[in-house]
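Asker: Sequence:
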Amino acid sequence: MSGIRYINRDELAELMKSDKIAARDFIVVDVRDDDYAGGNIKGSINIPSQEFLMNVDGLVTKTKGIPLVIFHCTLSQVRGPKAARIYSETKQNIQNDSALQEVVILRDGFSEFQVKYKDDPTLVENWDKDVWASEWS
Numbered sequence: 001m002s003g004i005r006y007i008n009r010d011e012l013a014e015l016m017k018s019d020k021i022a023a024r025d026f027i028v029v030d031v032r033d034d035d036y037a038g039g040n041i042k043g044s045i046n047i048p049s050q051e052f053l054m055n056v057d058g059l060v061t062k063t064k065g066i067p068l069v070i071f072h073c074t075l076s077q078v079r080g081p082k083a084a085r086i087y088s089e090t091k092q093n094i095q096n097d098s099a100l101q102e103v104v105i106l107r108d109g110f111s112e113f114q115v116k117y118k119d120d121p122t123l124v125e126n127w128d129k130d131v132w133a134s135e136w137s
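Sequential numbering from 1 applies to the sequence shown in the UniProt record's numbering.
These aren't lab readings, by the way, just hints derived from the structure by calculation. Among these hints, one or two may not hold up.
What the hints assert, rightly or not - Result set (EDC-like, lysine to aspartate or glutamate): computed pairs, CA atoms no more than 16 Å apart in a straight line:
| id | residue 1 | residue 2 |
| --- | --- | --- |
| 1 | K42 | E14 |
| 2 | K129 | E11 |
| 3 | K116 | D128 |
| 4 | K20 | E102 |
| 5 | K62 | E102 |
| 6 | K42 | E89 |
| 7 | K118 | E102 |
| 8 | K42 | D128 |
| 9 | K118 | D10 |
| 10 | K42 | D120 |
| 11 | K64 | D119 |
| 12 | K42 | D57 |
| 13 | K82 | D119 |
| 14 | K64 | D35 |
| 15 | K129 | D119 |
| 16 | K42 | D130 |
| 17 | K82 | E51 |
| 18 | K82 | D120 |
| 19 | K116 | D10 |
| 20 | K20 | D34 |
Since the model is a prediction, treat every value here as computed from it, not as a measurement.
Could you put together the complete structure from these sequences and hints?
Answerer: This is the structure:
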């Protein structure tokens with residue numbers, strides 16, 4: 001996927017704890033579907049992958065002017081990267097401006113992010129140990 005890079009969980013955590021402001025300097029887009037239950041990255045927006053195509057134009061409009069858009073799903077192997085690609089292509093088609101915006105993917109998705117940061121309420125919210133114990137143990 002040319003032009004779209006990955007960031008790791010520590011880079012995202014560092015960004016979130018910096019003086020950068022969510023929804024102004026960066027935005028995290030979570031494209032998990034039913035697997036959204038059990039926790040999420042604090043301040044992220046959830047657009048289920050099954051609904052992404054219907055909502056991508058609105059997302060491009062909503063995120064105009066935000067310099068960094070970060071996509072992820074549970075593992076960031078299929079849904080997250082696909083959404084990032086669709087978003088990038090849609091942005092190019094409907095916004096002919098030269099505003100700099102970087103689109104990135106969270107490497108290893110929420111599953112790895114929550115392993116390290118589940119106990120940090122500045123990074124993860126709505127975390128439910130029962131969901132993760134049943135699915136990932």
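Asker: It remains to establish, for every hint, whether it holds in the given structure.
Answerer: So, going through the hints one by one against the coordinates:
Among the hinted pairs, K42 with E14 is consistent with the structure: their alpha-carbon atoms are about 13 Å apart, no more than 16 Å. Straight-line distance between C-alpha atoms of K129 and E11 comes to about 24 Å, which puts the hinted pair past the 16 Å bound. Under the criterion of a C-alpha separation no larger than 16 Å, the hint pairing K116 with D128 is consistent with the structure, at around 14 Å. For the given pair, K20 sits about 15 Å from E102 by alpha-carbon distance, which is consistent with the 16 Å threshold.
For the suggested pair K62 and E102, the alpha carbons sit about 15 Å apart, so the restraint of at most 16 Å is met. Simply put, K42 and E89 have alpha-carbon atoms about 27 Å apart, too far for the 16 Å limit, and the pair is violated. For the given pair, K118 sits about 26 Å from E102 by alpha-carbon distance, which is inconsistent with the 16 Å threshold. The straight-line distance between the Cα atoms of K42 and D128 is roughly 14 Å, inside the 16 Å bound, and the hint therefore holds.
The straight-line distance between the Cα atoms of K118 and D10 is roughly 13 Å, inside the 16 Å bound, and the hint therefore holds. Between K42 and D120 the alpha-carbon distance is near 10 Å, which keeps this suggested pair within the 16 Å criterion. Simply put, K64 and D119 have alpha-carbon atoms about 32 Å apart, too far for the 16 Å limit, and the pair is violated. For the given pair, K42 sits about 23 Å from D57 by alpha-carbon distance, which is inconsistent with the 16 Å threshold.
For the proposed pair K82 and D119, the alpha carbon gap of about 29 Å is over 16 Å, so the pair is violated. A threshold of 16 Å between alpha carbons decides the hint, and for K64 with D35 the separation of about 28 Å lies outside it, so the pair is violated. With a C-alpha separation of about 10 Å, the suggested pair K129 and D119 falls inside the 16 Å cut-off, and the hint holds. For the hint pairing K42 with D130, the CA-to-CA distance comes to about 19 Å; that exceeds 16 Å, so the pair is violated.
A C-alpha spacing of about 13 Å is found between K82 and E51, which places the hinted pair at or below 16 Å, so the restraint holds. Straight-line distance between C-alpha atoms of K82 and D120 comes to about 29 Å, which puts the hinted pair past the 16 Å bound. For the hint linking K116 to D10, the alpha-carbon distance of about 9 Å falls within 16 Å, and the restraint holds. Of the pairs offered as hints, the one joining K20 and D34 is violated, with about 30 Å between alpha carbons and a cut-off of 16 Å exceeded.
In summary, the numbered hints that this structure violates are 2, 6, 7, 11, 12, 13, 14, 16, 18, 20.
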